[in-house]
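Put chain E on the given structure of chain L with help from the hints.
Protein chains: 2
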Amino acid sequence: MIELNVDLGDRSYPIFIGESLLSKTELYAPYIAGEKVMIVTNDTVGPLYEAQVREALSGYVVDVVTLSDGEQYKNWQTLNSIFDALLGGGHSRKTTIVALGGGVVGDMAGFAAASYQRGIDFIQVPTTLLSQVDSSVGGKTGINHPMGKNMIGAFYQPKAVVIDILTLQSLPQNQVSAGLAEVIKYGLIQDAEFYQWLEGNIASLMSLDPKSLVYAIEQSCHCKAKIVEADEREGGLRAILNLGHTFGHAIETFEGYGTWLHGEAVGAGMMMAAHLSKLEGKLNNEDMVRIESLLTDANLPIVGPEGMLPNDYKRLMSVDKKVVDGTLRLVLLNAIGEAYVSSEFSSANLDEVLKT
Amino acid sequence: MIELNVDLGDRSYPIFIGESLLSKTELYAPYIAGEKVMIVTNDTVGPLYEAQVREALSGYVVDVVTLSDGEQYKNWQTLNSIFDALLGGGHSRKTTIVALGGGVVGDMAGFAAASYQRGIDFIQVPTTLLSQVDSSVGGKTGINHPMGKNMIGAFYQPKAVVIDILTLQSLPQNQVSAGLAEVIKYGLIQDAEFYQWLEGNIASLMSLDPKSLVYAIEQSCHCKAKIVEADEREGGLRAILNLGHTFGHAIETFEGYGTWLHGEAVGAGMMMAAHLSKLEGKLNNEDMVRIESLLTDANLPIVGPEGMLPNDYKRLMSVDKKVVDGTLRLVLLNAIGEAYVSSEFSSANLDEVLKT
Numbered sequence: 522m523i524e525l526n527v528d529l530g531d532r533s534y535p536i537f538i539g540e541s542l543l544s545k546t547e548l549y550a551p552y553i554a555g556e557k558v559m560i561v562t563n564d565t566v567g568p569l570y571e572a573q574v575r576e577a578l579s580g581y582v583v584d585v586v587t588l589s590d591g592e593q594y595k596n597w598q599t600l601n602s603i604f605d606a607l608l609g610g611g612h613s614r615k616t617t618i619v620a621l622g623g624g625v626v627g628d629m630a631g632f633a634a635a636s637y638q639r640g641i642d643f644i645q646v647p648t649t650l651l652s653q654v655d656s657s658v659g660g661k662t663g664i665n666h667p668m669g670k671n672m673i674g675a676f677y678q679p680k681a682v683v684i685d686i687l688t689l690q691s692l693p694q695n696q697v698s699a700g701l702a703e704v705i706k707y708g709l710i711q712d713a714e715f716y717q718w719l720e721g722n723i724a725s726l727m728s729l730d731p732k733s734l735v736y737a738i739e740q741s742c743h744c745k746a747k748i749v750e751a752d753e754r755e756g757g758l759r760a761i762l763n764l765g766h767t768f769g770h771a772i773e774t775f776e777g778y779g780t781w782l783h784g785e786a787v788g789a790g791m792m793m794a795a796h797l798s799k800l801e802g803k804l805n806n807e808d809m810v811r812i813e814s815l816l817t818d819a820n821l822p823i824v825g826p827e828g829m830l831p832n833d834y835k836r837l838m839s840v841d842k843k844v845v846d847g848t849l850r851l852v853l854l855n856a857i858g859e860a861y862v863s864s865e866f867s868s869a870n871l872d873e874v875l876k877t
Numbered sequence: 522m523i524e525l526n527v528d529l530g531d532r533s534y535p536i537f538i539g540e541s542l543l544s545k546t547e548l549y550a551p552y553i554a555g556e557k558v559m560i561v562t563n564d565t566v567g568p569l570y571e572a573q574v575r576e577a578l579s580g581y582v583v584d585v586v587t588l589s590d591g592e593q594y595k596n597w598q599t600l601n602s603i604f605d606a607l608l609g610g611g612h613s614r615k616t617t618i619v620a621l622g623g624g625v626v627g628d629m630a631g632f633a634a635a636s637y638q639r640g641i642d643f644i645q646v647p648t649t650l651l652s653q654v655d656s657s658v659g660g661k662t663g664i665n666h667p668m669g670k671n672m673i674g675a676f677y678q679p680k681a682v683v684i685d686i687l688t689l690q691s692l693p694q695n696q697v698s699a700g701l702a703e704v705i706k707y708g709l710i711q712d713a714e715f716y717q718w719l720e721g722n723i724a725s726l727m728s729l730d731p732k733s734l735v736y737a738i739e740q741s742c743h744c745k746a747k748i749v750e751a752d753e754r755e756g757g758l759r760a761i762l763n764l765g766h767t768f769g770h771a772i773e774t775f776e777g778y779g780t781w782l783h784g785e786a787v788g789a790g791m792m793m794a795a796h797l798s799k800l801e802g803k804l805n806n807e808d809m810v811r812i813e814s815l816l817t818d819a820n821l822p823i824v825g826p827e828g829m830l831p832n833d834y835k836r837l838m839s840v841d842k843k844v845v846d847g848t849l850r851l852v853l854l855n856a857i858g859e860a861y862v863s864s865e866f867s868s869a870n871l872d873e874v875l876k877t
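Chains as they are written, first to last, in our numbering: chain L, 522 to 877; chain E, 522 to 877.
If you are wondering where the hints come from, they were derived from the structure by calculation, not from laboratory data.
Chain copies aren't distinguished; within one or between two, either way the pair holds.
Calculated cross-link-like contacts (lysine-lysine; reagent style BS3-like; alpha-carbon spacing at most 25 angstroms):
(1) K835 x K615
(2) K835 x K557
(3) K732 x K545
(4) K615 x K680
(5) K876 x K835
(6) K747 x K732
(7) K557 x K615
Next up, chain L with everything else stripped away, as it sits in the complex (with noise of 0.2 angstroms):
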């Protein structure tokens, strides 16, 4: 087993990463204060790994909430039916949510935490790959507005993360393509060596195998860490972290939420900003193409839908979150390992990518 620690002060936490964690008590146990807790996971997750983690918390009053699975429940009615359950139970302050899926899942139960009676504590278990090298790590939670992806929310940290890579072993395929695209974003925005070590180890990455999986989340988590504790809310260097966001955000409002997975429209994404990078005169053809060439290695989209024109793009581009006063601001690549954030391009180039 490997524990990482994300160095908030005092909103610390550590993030241990193996096999067989989901019934350790010795993970749980340190970050409970109160008698009881609550699980929230979803109708996919819950007859897989509930037992486990029923198994680890077996010294506790422990109730469960089962969320319908996918991102087209990430909405205010699935988020309420975690305060009626909390309430129903009679939740107090003391009480720990403990968050047993995907993203969504963690997203919403963090969410949850965040506003319940104004606050309790919450125990991060991610179980796809996605949210282990992503979702789980820098405290952002939230549900989604038919206006906007992720537009309500709060920062909001855990008090552990315990990531267990046999969850891995139910995943579908597309889900670990999915999650290889963050993953793969890692190496692009500030780890060219990593990004290298992909290259050598996508197709083993692709069949599970344990020890690259742990490396590679163990990487992820170490990169995500740094740049969340140097910029918790998000004031400057995390926005590199959306790299193909703003495109990815846009094909998933476009398509409905939950048609796309995020890792899909973040692949689709990273591609149309190494493409204007590229028209920028910033990221040469080599590096494009060794881009091109891993998404596809990985099975992810390297174009967006069918059917959606630059004028959608803008439209949905307009709304989102790193847009200031009017202002789209993108991230973009100067190399393989270097990404920067920028207003400064020529629409002329945004228009010739999202026509592509």
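Just chain E now, kept in the frame of chain L:
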């Protein structure tokens, strides 16, 4: 004009108290980072005071969202109408919310600010006595849930609070009384001298004498600010601010939000707390009589609603946020000016109080 400072490190903010402050640009401008402002108000307060605030904000792009007036609208649907307006108006993270209204507007606008794109700035402009002395100071924001008051929310501090006492001229007399309940509370919990001043000046406060009002608001905000500075997230000391509130919330929930004014319920609740304190052998009879007398002079109820039985109180008090792992904790009084928090009271004495 008086300026108080709430000292919370990088979340510190000023409170301005005086006459004719609504239209003074210089009280808002230093706390607005972008070019756009969203005024959140209600259909009672907006028609009276929105024009003055717009005058102060003439240099900004100003949108307005007008909520229905009343505690019964302090729910998710109304909160969501703020998000709809923000997204519909293309508001970014640089937008500042200006909350113009009473406690309900302030709590909802504050929670909207805490949650929109995971947090934007807001300025409180409280227009009721209750919100001026209580809910605009301390960073508690949130909405009600059918199973409990203020159950969903965040601790989130405003950038500034602008208190214009002229807005009290339009306040119904029962709301002046409701506000005075919280003013009286500050005397009761930790300032015997201020309590004595209130006994001598309650008539001039009821008739809205400006000098008395500014002094009472200043003392109240000062008292609350000191307590919040010592305990921002309600770990301990801050709980004494809830004198009368556990009983009061039960009354409000039983009657349905909006039937009893919050301050009225707190008035009756403080009398119950005083009664229990006396039965516990803490508060002497003289102080008990003084409390009953001042509440009566302020036109506040000193008993709960007819038809509300001891079991109604106990059921509703058991979901209170002050309940820790099943144990009810109440704020009680050793004397006027000296509150304490305890779960060590006789349940027979509590029954006696609830029967009265």
